[in-house]
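K.L.:
Using the working numbering, you'd call the opening residue of the sequence shown number 2 and step up by one each time.
None of these hints come from the bench; they were simulated from the model. Please note: incorrect hints may appear among the correct ones.
Said to hold, decoys possible - The calculated lysine to any residue pairs, modelled on SDA-like cross-linking and capped at a C-alpha distance of 20 Å, are:
id: 1; residue 1: K260; residue 2: L330
id: 2; residue 1: K94; residue 2: R34
id: 3; residue 1: K149; residue 2: P239
id: 4; residue 1: K122; residue 2: S99
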Amino acid sequence: SYFVNVKKDYLEKIIPIEADRVRNLSFTNEAFRMEMGPVKEERRRGVVDDPDGFIWDELAQTAYQVHPYHHPVIGFEEDLEKNIQVQDGLDFKKNFYSPGYTTIVLTGNFDTPKALELIKKYYGDWQKTPSPSLNIPAEPKQTRERVKNYVWKDSEVSPKLLIAFHGPNFEIKDDDFCALELAARILFMSSGRLTKKLYNDLQLVEYISGGMEDRKDPGLFEISTSLKRGKSIDEVKPLILEELEKLKNEPVSERELEKAKNSVKAEMIYRMDNPLSVAYTIGHFQTAGGDYNLLFEIQKKYSEVTPGMIQQVARKYLSPENRTVLTLLPKK
Numbered sequence: 002s003y004f005v006n007v008k009k010d011y012l013e014k015i016i017p018i019e020a021d022r023v024r025n026l027s028f029t030n031e032a033f034r035m036e037m038g039p040v041k042e043e044r045r046r047g048v049v050d051d052p053d054g055f056i057w058d059e060l061a062q063t064a065y066q067v068h069p070y071h072h073p074v075i076g077f078e079e080d081l082e083k084n085i086q087v088q089d090g091l092d093f094k095k096n097f098y099s100p101g102y103t104t105i106v107l108t109g110n111f112d113t114p115k116a117l118e119l120i121k122k123y124y125g126d127w128q129k130t131p132s133p134s135l136n137i138p139a140e141p142k143q144t145r146e147r148v149k150n151y152v153w154k155d156s157e158v159s160p161k162l163l164i165a166f167h168g169p170n171f172e173i174k175d176d177d178f179c180a181l182e183l184a185a186r187i188l189f190m191s192s193g194r195l196t197k198k199l200y201n202d203l204q205l206v207e208y209i210s211g212g213m214e215d216r217k218d219p220g221l222f223e224i225s226t227s228l229k230r231g232k233s234i235d236e237v238k239p240l241i242l243e244e245l246e247k248l249k250n251e252p253v254s255e256r257e258l259e260k261a262k263n264s265v266k267a268e269m270i271y272r273m274d275n276p277l278s279v280a281y282t283i284g285h286f287q288t289a290g291g292d293y294n295l296l297f298e299i300q301k302k303y304s305e306v307t308p309g310m311i312q313q314v315a316r317k318y319l320s321p322e323n324r325t326v327l328t329l330l331p332k333k
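Please take these sequences and the hints and turn them into a complete structure.
P.N.:
Below, the structure written as structure tokens:
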């Protein structure tokens with residue numbers, strides 16, 4: 002995504018600049034080649050030499066065998082080592098920088114008729130071009146647990162554990178997404194079960210978090226934790242799995258569920274506290290959820306989730322055969 006934050010007085014200048022950037026992007030062979038170095042360096046710093054980036058990168062490759070979510074956005078190292086030509090970039094731009102793949106969001110205190118007039122002026126003649134057929138393969142149902150264990154290249158890193166389950170896509174009309182996100186809040190918000198047990202009471206972890214990915218295609222219900230030095234994954238993992246089993250076997254309390262709903266509501270309010278955040282949220286609901294109007298319906302969907310629905314999605318998705326587990330330990 003591209004974004005810019007300007008005073009309303011500059012709207013008449015910024016709209017044509019952004020239109021030109023998106024519509025008329027061009028680059029030379031030399032400029033294209035010069036960018037390969039920084040991209041490789043970004044991957045090195047963010048994945049190759051960063052334990053968190055590394056394990057998250059490996060999670061996607063392990064959990065997804067067929068779907069393109071298997072591939073990192075920045076590319077694999079072998080992709081970056083290929084002799085990618087400027088024409089490859091121009092072809093990508095032609096195929097995907099097109100009206101059918103573009104969402105424009107403006108937020109803030111501005112003259113709406115004037116803004117629409119400017120958008121029509123600078124985008125109105127943008128011709129829709131035939132795009133390549135995107136035959137995105139559906140990820141097959143996972144039928145057995147996948148486990149990968151890594152040892153990092155130095156001894157200073159804290160032990161890390163990722164647990165993920167295939168879940169639904171970001172479809173607010175489907176109750177499963179909202180129920181799983183509330184289940185995550187019950188476990189991982191500041192007063193959540195696993196936060197309280199592992200971070201506050203037993204002091205086994207530096208942090209623990211989790212949630213349901215909000216993606217256009219089915220995402221992952223993810224659990225991430227970094228252990229305190231000297232603590233063992235064998236201590237932590239069973240306690241996490243025990244709480245997941247409780248979600249399946251025991252209905253959560255109405256009080257816990259209400260606190261989780263309030264957490265979601267508060268987060269949405271915080272998202273609306275500045276124009277740039279509002280723009281990002283609207284754009285995300287449109288592109289990942291398929292309709293920005295879902296933004297105005299989501300709180301109702303969350304409010305309708307019951308303890309029984311939490312139990313139902315836990316049984317449906319949080320099963321051992323649907324689970325991917327990655328660990329990363331420091332070098333001894």
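K.L.:
With reference to the structure, classify each hint as holding or not holding.
P.N.:
We went through each hint and held it up to the structure:
{"no.": "1", "hint": "K260 with L330", "verdict": "35 Å, violated"}
{"no.": "2", "hint": "K94 with R34", "verdict": "16 Å, holds"}
{"no.": "3", "hint": "K149 with P239", "verdict": "17 Å, holds"}
{"no.": "4", "hint": "K122 with S99", "verdict": "17 Å, holds"}
This entry does not satisfy hint 1, going by the numbered hints stated previously; all others are met.
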